[in-house]
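Chains A and B supply the protein sequences, listed in that same order.
Position 107 of the first sequence, counted from 1, bears residue number 107 in full-length UniProt numbering, the numbering being contiguous throughout.
Position 281 of the second sequence, counted from 1, bears residue number 281 in full-length UniProt numbering, the numbering being contiguous throughout.
One thing to keep in mind: the hints can contain errors.
As the list makes no split between identical chains, a pair holds if one copy fits it or if it spans any two.
[Said to hold, decoys possible] Lysine to any residue pairs mimicking SDA-like chemistry, simulated, CA-CA at most 20 Å apart:
hint	residue 1	residue 2
1	LYS277	ALA25
2	LYS277	HIS184
3	LYS45	ARG79
4	LYS45	LEU407
5	LYS277	ARG169
6	LYS277	VAL358
7	LYS277	PRO21
8	LYS277	ALA170
9	LYS277	ARG43
10	LYS45	ARG242
11	LYS45	PRO426
12	LYS277	THR360
13	LYS45	ARG245
Quick caveat, the hints were computed from the structure, so don't treat them as lab data.
2 protein chains.
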Amino acid sequence: MLHLNLFILGCGHHRAAWRHPASPAERLADIAYYEELARIAERGKFDAVFFADGHSAYDVSDCPFWVLEPLTALAAMARATERIGLVSTISSTFYTPFHAARLLASLDHISGGRAGWNVVTSMYDAEARNHGYASMPDHDWRYRRADEFAQAVLGLWNSWDADALRIDRAGDFADAARVRPLRHQGEHFLVDGPLNSLPLPQRHPVMFQAGASEQGRALAARHAEAIYAVAYDLPAAQAYCRDVRARVRAAGRQAAVPIMPGLVTYVASTDAEARAKQRSLDELLPTETSLQQLGMFTGQDCSGWALDAPVPALPPIGQYHGPQGRYATILRIIEVEQPTVRQLLGRLAAGGGHCTMVGTPEQIADEMERWWREGGADGFNLMPPALPGSIEDFVEQVVPVLQRRGLFRTEYTGRTLREHLGLARPA
Amino acid sequence: MLHLNLFILGCGHHRAAWRHPASPAERLADIAYYEELARIAERGKFDAVFFADGHSAYDVSDCPFWVLEPLTALAAMARATERIGLVSTISSTFYTPFHAARLLASLDHISGGRAGWNVVTSMYDAEARNHGYASMPDHDWRYRRADEFAQAVLGLWNSWDADALRIDRAGDFADAARVRPLRHQGEHFLVDGPLNSLPLPQRHPVMFQAGASEQGRALAARHAEAIYAVAYDLPAAQAYCRDVRARVRAAGRQAAVPIMPGLVTYVASTDAEARAKQRSLDELLPTETSLQQLGMFTGQDCSGWALDAPVPALPPIGQYHGPQGRYATILRIIEVEQPTVRQLLGRLAAGGGHCTMVGTPEQIADEMERWWREGGADGFNLMPPALPGSIEDFVEQVVPVLQRRGLFRTEYTGRTLREHLGLARPA
Numbered sequence: 001m002l003h004l005n006l007f008i009l010g011c012g013h014h015r016a017a018w019r020h021p022a023s024p025a026e027r028l029a030d031i032a033y034y035e036e037l038a039r040i041a042e043r044g045k046f047d048a049v050f051f052a053d054g055h056s057a058y059d060v061s062d063c064p065f066w067v068l069e070p071l072t073a074l075a076a077m078a079r080a081t082e083r084i085g086l087v088s089t090i091s092s093t094f095y096t097p098f099h100a101a102r103l104l105a106s107l108d109h110i111s112g113g114r115a116g117w118n119v120v121t122s123m124y125d126a127e128a129r130n131h132g133y134a135s136m137p138d139h140d141w142r143y144r145r146a147d148e149f150a151q152a153v154l155g156l157w158n159s160w161d162a163d164a165l166r167i168d169r170a171g172d173f174a175d176a177a178r179v180r181p182l183r184h185q186g187e188h189f190l191v192d193g194p195l196n197s198l199p200l201p202q203r204h205p206v207m208f209q210a211g212a213s214e215q216g217r218a219l220a221a222r223h224a225e226a227i228y229a230v231a232y233d234l235p236a237a238q239a240y241c242r243d244v245r246a247r248v249r250a251a252g253r254q255a256a257v258p259i260m261p262g263l264v265t266y267v268a269s270t271d272a273e274a275r276a277k278q279r280s281l282d283e284l285l286p287t288e289t290s291l292q293q294l295g296m297f298t299g300q301d302c303s304g305w306a307l308d309a310p311v312p313a314l315p316p317i318g319q320y321h322g323p324q325g326r327y328a329t330i331l332r333i334i335e336v337e338q339p340t341v342r343q344l345l346g347r348l349a350a351g352g353g354h355c356t357m358v359g360t361p362e363q364i365a366d367e368m369e370r371w372w373r374e375g376g377a378d379g380f381n382l383m384p385p386a387l388p389g390s391i392e393d394f395v396e397q398v399v400p401v402l403q404r405r406g407l408f409r410t411e412y413t414g415r416t417l418r419e420h421l422g423l424a425r426p427a
Numbered sequence: 001m002l003h004l005n006l007f008i009l010g011c012g013h014h015r016a017a018w019r020h021p022a023s024p025a026e027r028l029a030d031i032a033y034y035e036e037l038a039r040i041a042e043r044g045k046f047d048a049v050f051f052a053d054g055h056s057a058y059d060v061s062d063c064p065f066w067v068l069e070p071l072t073a074l075a076a077m078a079r080a081t082e083r084i085g086l087v088s089t090i091s092s093t094f095y096t097p098f099h100a101a102r103l104l105a106s107l108d109h110i111s112g113g114r115a116g117w118n119v120v121t122s123m124y125d126a127e128a129r130n131h132g133y134a135s136m137p138d139h140d141w142r143y144r145r146a147d148e149f150a151q152a153v154l155g156l157w158n159s160w161d162a163d164a165l166r167i168d169r170a171g172d173f174a175d176a177a178r179v180r181p182l183r184h185q186g187e188h189f190l191v192d193g194p195l196n197s198l199p200l201p202q203r204h205p206v207m208f209q210a211g212a213s214e215q216g217r218a219l220a221a222r223h224a225e226a227i228y229a230v231a232y233d234l235p236a237a238q239a240y241c242r243d244v245r246a247r248v249r250a251a252g253r254q255a256a257v258p259i260m261p262g263l264v265t266y267v268a269s270t271d272a273e274a275r276a277k278q279r280s281l282d283e284l285l286p287t288e289t290s291l292q293q294l295g296m297f298t299g300q301d302c303s304g305w306a307l308d309a310p311v312p313a314l315p316p317i318g319q320y321h322g323p324q325g326r327y328a329t330i331l332r333i334i335e336v337e338q339p340t341v342r343q344l345l346g347r348l349a350a351g352g353g354h355c356t357m358v359g360t361p362e363q364i365a366d367e368m369e370r371w372w373r374e375g376g377a378d379g380f381n382l383m384p385p386a387l388p389g390s391i392e393d394f395v396e397q398v399v400p401v402l403q404r405r406g407l408f409r410t411e412y413t414g415r416t417l418r419e420h421l422g423l424a425r426p427a
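Isolated chain A, as found in the complex (with noise of 0.2 Å):
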């Protein structure tokens, strides 16, 4: 069975999205809006919707990724969905142990069981300065903490037995034997514990995990219980899912984790049409910033790169200190495409290089199938360019060609986001 999240971010992952006249432009600090993408994944019998965040505002001419800070977000439209689970993006640098620790928790109680925890290690000097730093700490530091993150996080919550409470009215109110502190003290916190909360109704919110890098791959090893990842073509998801499986096996766990590449999806009835739609996405976007953004991605100077030349070399993966995944995946369209830097620049500007599916509801059913069946997947992220048309278009056409397939869900069988995803409740 698959697995499906709809990841929101602003108009919509192609960055020209909200260019378009019937955008939601308008809208990104209406939380109806989002409540509304909840409820078309919600139709759709999705396992989660996944919220991106970052701690900058980036430019600010341009369309912004995010504005409602994803708990507070994802607190009301707990109460305007009833099944869906809610993800929110944690960094593991900007925040504390016992502040995430509890915003989650009171996510997991406000939703009935649907909260998880998307742990990120952020990566922008612009963001690092909004928190107290000069500038982003380094890459090994950040994972270091990352990984002591996620254990006070997890301590945190186990710091309530699942049977504490006694709520005896001539007598206790929980059983102060069954609540225990944590008293964690490493390299970066001090956290005694325990939490003031009551036990979770999953204990732990689900942990996803993202990132591509040696040290990300290694986190979700020991940690993760659901990972988004990036790849580019078959081919790469496989590579990745052998290799983290093997990890997390030789880190000695057992239970499966769903793997789910980010999937961007343009669908119509006819190939033709659904290219069409992807073309006219891309023909909104403007030049100049797109070429910025590349800069951002491979750490060069793109702004006098020649439109219609070639993709100049890049530097090998080795010199490039950004996000691993992503300039990876350039590089191999680059070597499989050898594209233009136009046809680069439309590649790029709905997902970031995260595979892309373009085609007829059969056509992309197919395709996930494929990924599905071959070790490439366990689901998948989907990165709407356009919403919510985009999602709207994939419930109401992909949707019931993978349920009548018999790989997806036609109901909700569980209540909590840890059922959804087949997930045991941690001891």
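Given chain A's structure and the hints, the job is docking chain B onto it.
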């Protein structure tokens, strides 16, 4: 016109409220319970609901003060209400300005301009040790940090001009010249800004402040737009109001700052019935826990105190290093009422020494009106001893009396918390 907040705390402000057979003790992690409370207060046309907060679990054998994290809870409650303000306590000692500014901005967007924040500096070592401090930093340091925190948070909200958005689909999303970095660098914080949000509905969520110490009053005078005060009786309230109003003027501020003392009420159709309500809660109080709490409030070991003996002499206020306001009130209760230990416990178990009014709706309205006419209050932060019963009593019985006297609104005239409180929109 009076202002009224509902101060939400667990099963109510009386420490024994949860022990009543009809208490909501099983629902403390259920967001629907808090939504119901907010709807009751909104039916009563209250200005706001007000959430206290703390960062440790205290004694888990007794009912917790807080279970849900306030910002996530209020985000959900925003969608269950339409007009009422939503005030979250924020610890400036544990939060950083960027997180606080962003979470509150998100709540202001989600609620359509109904967010407020109550800045506290926190007080207990157990809380400090959940957030990386070996022990609680001293009072002066915390208040210096709170002042810088307030400046940085306001600065982040100011980083977007109110008219910064363009949403020009052929051009810019925002006018980059109207979104400015903050570049705050002070003793405690480095925050570059701008905030990754959009201009806020209220521009600034309304800042509440509580705190009776010299530093607390100074902070309130510089920044607070509304004040949650502690006053045992009208003379204490009058003295507090005179002092704080003079400080606000001395700080060069022209606008009125509504002062709202905490108020515990027991209402019934006869005075005897109201007293019986109070007594029935007092009788649920376990002695040992109450003596422990008294120890926390006074810095003494009270465990051996004889219940029916007069309260032993306490050190003068200068020798007590906890929250000054509450301690001063305890000294005053002892001076005025000369209570036994048991009687003092009864007073402190509900509202910790805040003003208590017991009687018929007319009697309570008389007393509230007297405080208001004689310069002791611009409104009240209601601390219902037992929830939801005590606030239902107040809304159904006292509010209509206040409304008939023209002392309280019969309908909301504004849509934002700022409008409810008669506060100008910051320039």
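**Request:** Starting from the hint list further up, note which numbers the structure goes against and sort them upward.
**Result:** 2, 9, 10, 11 and 13
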